[in-house]
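Peer 1: Chains as they are written, first to last, in our numbering: chain A, 156 to 301; chain W, 22 to 573; chain D, 11 to 238.
Hints are computed from structural coordinates only; laboratory data are not their basis. Do not rely on the hints blindly, as some may be mistaken.
Unchecked claim - Straight-line alpha carbon distances no greater than 25 Å define the calculated DMTMM-like cross-link-like pairs of lysine to aspartate or glutamate that follow: (1) D:Lys109 / D:Glu155; (2) D:Lys76 / W:Asp527; (3) D:Lys109 / D:Asp193; (4) W:Lys448 / W:Glu372; (5) W:Lys448 / W:Asp527; (6) D:Lys109 / D:Glu121; (7) D:Lys109 / A:Glu183; (8) D:Lys109 / D:Asp119; (9) D:Lys76 / W:Asp561; (10) D:Lys109 / D:Asp212; (11) D:Lys76 / W:Asp567; (12) D:Lys109 / D:Asp143; (13) D:Lys76 / A:Glu158; (14) D:Lys109 / D:Asp161.
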Amino acid sequence: MAEELRFFLRTGVYSAIVGTAYWFASYEVAGSVLLFFVVFAALAFVGVAAAFVRQARDGIVPDGSTGVGRVLGVVNRLFGYGDEPSSSSDPLAAGLDPVPLGSIWPPIAGIAALLLLLGLLYGPWLLLPGIVLAAGTVWGWVSQGT
Amino acid sequence: MTTTELDPRAALPARNPAPTGIVDYMTTTDHKRIGLLYIFSGLGFFILSGILSLLMRAELTEPGLQFMDRATYNELFTMHGTGMIFFFAAPVAIGLANYFIPLQIGAPDVAFPRINAFSYWLFLFGGLVAFSGFLTAGGAAAFGWTGYAPLSDGTYSPGTGGNLWILGLIMSGTSGILGALNFVATSFTMRAPGMTMFRLPIFTWNILVMSLLIMITFPVLTSALVMLFIDRTIGGAFFEPAQGGSAILWQHLFWFFGHPEVYILILPFFGIVSEIIPVFSGKRIFGYRGFVFATMLIGALSFSVWAHHMFTTGVVSNLFFAITSMMIAIPTGVKFFNWIATMWRGRIRFETPMLFSIGFLLMFLIGGITGPFLASPTIDYAVHDTYYVVAHFHYVLFGGSVFAAFAGFYFWMPKMTGRLLSERLGKWHFWLMLLGMNLTFFPMHQLGLDGMPRRVADYPASETAWTALNVLISFGAAILALSILVFAINVVWSVFLRRGVVAANDPWGGYSLEWWTTSPPPHHNFASLPPIRSERPVYDFRHQADADAPHG
Amino acid sequence: MALIGLVAILSGCTPAPVTSEGRDVASLYRLFMIAAVVVFVIVAGLIGWSVVRYRAGADGPPAQFKTNVPLEVVWWALPTLLVIGLFVISAQVLATVDKPGNGQALTVDVEGFQWQWRFTYPDSGVTITGHLDQPPEITLPIGREITFVIDSPDVIHSFYVPEFLIKRDAVPGITNRVTLTIDQAGTFSGQCAEFCGLLHSDMRFSIRAVPGAEFDAWLQQQAQRAAP
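I would like the entire structure built from these sequences, with the hints used as guidance.
Peer 2: Below is the structure:
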């Protein structure tokens, strides 16, 4: 098993042991739930990391590809459809690949989040523009591609 | 940039040529620029929160209220803690990680560059939202950075400031989760060929453990904040005992986040000194695997110690949390031995980064030693919520994190900006900060043992011993402020006015891959990479070249 | 020099305890302090020695040793043993400090509210309520177990008397108990230790500890004053 997976697994195993000990030492609900939440989260990360690690090792996504392409690669891997492009493992290919483009969408997404949250506090006159901006951001972000 | 030349470094421009206007920084997805944005925004919040603490020190120098009323004082210590923890220490760590993780693993950028930029903007807006409470009629949040319920609910702390505090923290928490996912994905999938997990530089390893802690505990904080927001705004009663809620539940949720948060704030800085000490000792880190294992153990243990903050509530299993909390001392102690063994029989150079690292070792040692005191429940009964605790965590977070952060700035500023910071000002900065720190925080131990509680705007004049110690502490705080001023002058003079010595690729004789490329690196980071056969490829390459050179 | 200063300042340690439980805590603190000074001297000494002895000189590059397993085993083992020892002693002291009363204890109800304290002697119906401009002073007997029953009607407060070396939170919805025996006469000031809002720093009170007979007389006098 790759170190990447053991990294999460160790935390999960530790929390399972400690969570069990804690439950029987205290019968306290909140802490026990939280410790078993750690077990759950760690195991979930093991699953996701397994997908990423296999993808990187098998070269399913070309080195240096980023963002949505990378996620789609993982989706392909997990659900098993789509092409599996080949890649080179030449270090320079990674280094000389096109660098990520600049994008106006991250700060706009930040403003949208700001409007949405402040809208919860100050009312619909902020919430509504926030929703519009958030929708626009999703559209802009996805359609920009990498 | 699709051609590959024989010596690709020759094709690189000597300096990052692009002029950098505000629009470039607004729209950037370059991990290096995002890193700089994080670092300098974090430093902005450091200065802001530091000014708040100076105002508190002015008020506490003498008994009685001289400069402000109690309400203002309560806002000051709340926002000082919030600012330092959520908007300075963590963002600076994330900023340095942003800049150096791709460089250390030989990658062109992080895995999700636009999400990376988004997480910066979330953090910045979150900080501005939390601090904007000062501009509202009721003032900023005034229930302490721990926001204990039911004090923090709508009944006892009405006003917009508290709600803005919650929203700001939700934004910064989300930003942290996105950043952590990015670091994990980057260091798992974008390592250069040859860079195995156990050849990762220690800094990258520590950021990985930090990211794991963030990914697991920040959602807990965010949930608790959402519950508190519901209590405050639409009449929920999660934490309101009068209506069937539980005041203790908040503390469980908060500290389940809050204690790992302490390690989130210290592990990256352990990582920084673990990069600096080997380089300036001329040796490799001693016991690499043991060191990494100790880091992971601290991470795992941190999930099981939260209720040592709740010993005096009378409703938690004090024995259980005493043993788990004391166990933290074991891997932390091991790290000290690793650092010392790394210096042992080395050839130590005392440039500013190393001075701050040694300062870190000594100051963090004191903060670390007072930890087991507080993990012993009956000692905690005596000193909990007094200045003793304030002294303890400032030795950990100021003596630890802040010293190491400055070590990192002096170490990496030449890589990030192409200019070395002035050594002369750096040494002034170090000695002033060491003096100021000890004058400020050491007397707090005694003040706490004498019974002065934390978070009080005023104390009786009849406690003459308290007054004497408070005068000393405020004097120390002034020296600390002076030392930070020296640093600010150093950055402006060396970097912004470009008076610092121009940095070569590798001004310190560094080990990890960031020292292979130019200072500052080009947009795509590397045009070539050395073979990676250990955790310090640049060192290996340099010494291979020496060995290959013809003799005599 | 700095080291001697450190030891001197820190061994000033806790306020002189005035309860039998407080004495145990003070001894525990001293024990931790001794361990702390030993650890500090060793670790800081090693750091100092490295810094002084191994500064870069003219001699050649240092040996690039990687690790030393026996050494690592030793330095995992040493702190582990120390921690186990400190934990065992801490657990013993915790058992004495958190012990339930012997059934003969004088009960005093302590209610922390925003922003003062109310002390009630339920057996005699005496109540002393503090006001902001006039902090309460209560009288307690020495040489007799006292159980404080602590709660709060609003937010969390914390009942804290530095000379007792103890504090316990007053949590709304939860009733906490602290049992202790004062063994020294005197007047001791206390105050709220858990931040509880605007006037937190004004939640002060004082405790006058007197011999049993004097206490009984005081209590009777208070009860009479309250009765008519």
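Peer 1: Indicate, hint by hint, whether the structure satisfies it.
Peer 2: To see whether the hints hold, each was checked on the structure:
no.: 1; hint: D:Lys109 / D:Glu155; in the structure: holds, 11 Å
no.: 2; hint: D:Lys76 / W:Asp527; in the structure: holds, 23 Å
no.: 3; hint: D:Lys109 / D:Asp193; in the structure: holds, 17 Å
no.: 4; hint: W:Lys448 / W:Glu372; in the structure: holds, 8 Å
no.: 5; hint: W:Lys448 / W:Asp527; in the structure: holds, 21 Å
no.: 6; hint: D:Lys109 / D:Glu121; in the structure: holds, 22 Å
no.: 7; hint: D:Lys109 / A:Glu183; in the structure: holds, 21 Å
no.: 8; hint: D:Lys109 / D:Asp119; in the structure: holds, 18 Å
no.: 9; hint: D:Lys76 / W:Asp561; in the structure: holds, 14 Å
no.: 10; hint: D:Lys109 / D:Asp212; in the structure: violated, 31 Å
no.: 11; hint: D:Lys76 / W:Asp567; in the structure: holds, 21 Å
no.: 12; hint: D:Lys109 / D:Asp143; in the structure: violated, 36 Å
no.: 13; hint: D:Lys76 / A:Glu158; in the structure: holds, 21 Å
no.: 14; hint: D:Lys109 / D:Asp161; in the structure: holds, 19 Å
The earlier numbered hints that this structure contradicts are 10 and 12.
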